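K.L.:
Place chain B on chain A using the hints.
There are 2 protein chains.
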Amino acid sequence: MTSSTLTFTSQFQSHTTEFLHLQPISLPEVVGTAQVKVKFLAAPVNVLDLVVLAGKYPVKPQTKYDQALVPGYEGVGVVIEVGGLVTALRIGEHVLPKDHGLGTWRTHTVVDADKLVRIPTPSNPVFASLLKMGYTPAYLLLQNMQYLKAGDWVIQNTATGMIAQAVIQFARLQGVRTVNIMRDRKDFDVVRSRLLALSADMVLSESQLEALVQVQPLSHTRRIVLAIDSVFGSSGSRIANQLVQGGTYVSLGFLGGGGEVKLDVNEGLLFYKAVEFKGFRTSRELAGWSQEERSDLWAWMLKLYNKGQLKAPEVEIMHWGSPAQAQDGEELEKKLLDVVEKTANRVVGMPKQIFVFEQ
Amino acid sequence: MTSSTLTFTSQFQSHTTEFLHLQPISLPEVVGTAQVKVKFLAAPVNVLDLVVLAGKYPVKPQTKYDQALVPGYEGVGVVIEVGGLVTALRIGEHVLPKDHGLGTWRTHTVVDADKLVRIPTPSNPVFASLLKMGYTPAYLLLQNMQYLKAGDWVIQNTATGMIAQAVIQFARLQGVRTVNIMRDRKDFDVVRSRLLALSADMVLSESQLEALVQVQPLSHTRRIVLAIDSVFGSSGSRIANQLVQGGTYVSLGFLGGGGEVKLDVNEGLLFYKAVEFKGFRTSRELAGWSQEERSDLWAWMLKLYNKGQLKAPEVEIMHWGSPAQAQDGEELEKKLLDVVEKTANRVVGMPKQIFVFEQ
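As you go down the protein sequences, you meet chains A and B in turn.
Heads up, the first sequence is in full-length UniProt numbering, so the first residue is 1 and it goes up one at a time.
Heads up, the second sequence is in full-length UniProt numbering, so the first residue is 1 and it goes up one at a time.
Treat the hints as calculated values from the structure; they're not laboratory data.
Please note: incorrect hints may appear among the correct ones.
If chains are identical, the list can't say which one is meant, so a pair holds when it fits in one copy or spans any two.
What the hints assert, rightly or not - With a Cα cut of at most 30 Å, we get these calculated DSBU-like pairs of lysine-lysine: (1) Lys342 <-> Lys64; (2) Lys311 <-> Lys278; (3) Lys115 <-> Lys273; (4) Lys311 <-> Lys39; (5) Lys186 <-> Lys278; (6) Lys39 <-> Lys334; (7) Lys115 <-> Lys56; (8) Lys60 <-> Lys273; (9) Lys149 <-> Lys303; (10) Lys273 <-> Lys39; (11) Lys186 <-> Lys335; (12) Lys334 <-> Lys60; (13) Lys115 <-> Lys60; (14) Lys273 <-> Lys56; (15) Lys278 <-> Lys149; (16) Lys278 <-> Lys56; (17) Lys56 <-> Lys335.
Computed from a predicted structure; not experimentally measured.
Here chain A stands alone, though its shape is the one from the complex (with noise of 0.2 Å):
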């Protein structure tokens, strides 16, 4: 059987993928009763996956091959064989990863049933792939991270972020609104109607919020009380600072560089306005759920996303044929590694960039 990965051998050196390679696999033409053959439809590249290569994710990848590690946390696949013992999924179903570190940066895999989470069939496999790690923090970040009524509000940076994103569309489905925060830049108005497309309430630059508040904090008039960061350091502190007595700060930590970038947190925020500041980890919140929890969580969402309740983000799509289709290996690797380049460079407003694979 023909198939591919990606692989890495050693710690990615930040922002190079000289230990990123792919190899051809060769998988065992009959699973093990408890497994099953997955092929896979869709896997973005996501910048938890960086954080991974580099090292610095608390959740290691759980599969090896050739000694090497295989990368890539998230993806759609669909059942192709299925080992005899193997009750809970048939052929033709499709799956997510049930945990972080699955390995989905390649074509196939066999592995343990019970790795994997059984989802309708998705009517688009981009949006599907997305689901674990761009849908489910949103709605986990709403659910878990403060309790939230109908009127309030939610303020988050990296607006144009994936997960941002979702967080306004579920936000506008619980009747909770959203100030999003955004670099400056130079198409900032066409950004800004997207986000107001997508239900966004209130759009701002980073300086558009730095002159608003020194006129008056937002949390004069709105009822902020959930902060969602991925920046951290003076970005993160503006946010914490917009919110009312009570309120939650948390932080999505992955863009902040690991401990460099530093949060100010004063007196006034953690005693006089009882704000409470976390971090937030999906594997964390997602850490009791059993497959059924999980399955019918992402049917839920597929539902949404089939009624027009949720969108899909703008995605930059990589083709990834097999090897044996490509005219020379090296250079769908080549090309295959610019996507993971082109992720660790993030340019503002870059789309999200996705591997699809042929059907």
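P.N.:
Just chain B, lined up with the frame of chain A:
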């Protein structure tokens, strides 16, 4: 009826008692039907009282006398007269204020019975006068801020403070161990012995802690799950950094000067170590508690005291006679204000200041 009160007529200007005055007060001979007359027995001077005087505490004084506010949020009294419709309290019963703001720096008060909580007759009124703002915060810090199991550790600074001493004792009752940090001081060994005698497990000066953790974080060999910070700034950051994965940092917020000193919170703590940062306020934690629930809590603490399982801290008593007894009202005023000044300009290791009223 001869009685007197301290009042303050304006915002207390940082560490001066210029706006504090002793006034003779005349109380009604007959109390309202829902009221009781209370004679105070002891009323401590807490750092929180000074924050109130400075206009910086969220809960403001609830009583005025002759247009001036009555300070003092903690104390124990005895009921000496009861209104016709009061059934919950009887003459001779002992009481504590239910909420902040009652005004205890006075010999007597007439107050609605529902502002008071009945306690059993205390064997030591000075200990009873410290229940609400010394022992109760300590108890709630260990109950409500982090799930604590036997064998867990708590780290705290300002180890010689009233609350810290109570934390040491309540921790021992639940099998929880304490690391206690205090400022470098000449009589370190003496104080260390005293804290060890209270059942502190580890007592270090700030500089000893700093030297120790440069070799190895305390959390490598101790499950430190809760950090209680009364200092903020570098001392607060130092104890926050001793927490294990999933720990909680709590700011008591009294001593850091209200927003000027800052705490460095980095992603290592917030995201990777999943430490939560929050402020603690007794009034917030007790907000939902009925009079009966508070009464039960304090009765239990008095029982622990009588059994020798809680100890009263070292205190310095200032006898507050009646103005009639005093040769010179001005002289008494000066003595009382000196006591307040002592707490305002508190020196490391100074014992707690308490007003004790004539029996």
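K.L.:
Please go over all the hints and tell whether each is borne out by the structure.
P.N.:
Status of each hint after checking the structure:
no. : hint              : result
1   : Lys342 <-> Lys64  : within (25 Å within a copy, 67 Å between copies)
2   : Lys311 <-> Lys278 : within (29 Å within a copy, 36 Å between copies)
3   : Lys115 <-> Lys273 : between (43 Å within a copy, 26 Å between copies)
4   : Lys311 <-> Lys39  : within (25 Å within a copy, 68 Å between copies)
5   : Lys186 <-> Lys278 : neither (33 Å within a copy, 38 Å between copies)
6   : Lys39 <-> Lys334  : within (22 Å within a copy, 85 Å between copies)
7   : Lys115 <-> Lys56  : within (23 Å within a copy, 54 Å between copies)
8   : Lys60 <-> Lys273  : between (37 Å within a copy, 16 Å between copies)
9   : Lys149 <-> Lys303 : within (24 Å within a copy, 43 Å between copies)
10  : Lys273 <-> Lys39  : neither (51 Å within a copy, 36 Å between copies)
11  : Lys186 <-> Lys335 : within (29 Å within a copy, 68 Å between copies)
12  : Lys334 <-> Lys60  : within (25 Å within a copy, 67 Å between copies)
13  : Lys115 <-> Lys60  : within (15 Å within a copy, 57 Å between copies)
14  : Lys273 <-> Lys56  : between (33 Å within a copy, 12 Å between copies)
15  : Lys278 <-> Lys149 : both (20 Å within a copy, 22 Å between copies)
16  : Lys278 <-> Lys56  : both (19 Å within a copy, 26 Å between copies)
17  : Lys56 <-> Lys335  : within (25 Å within a copy, 61 Å between copies)
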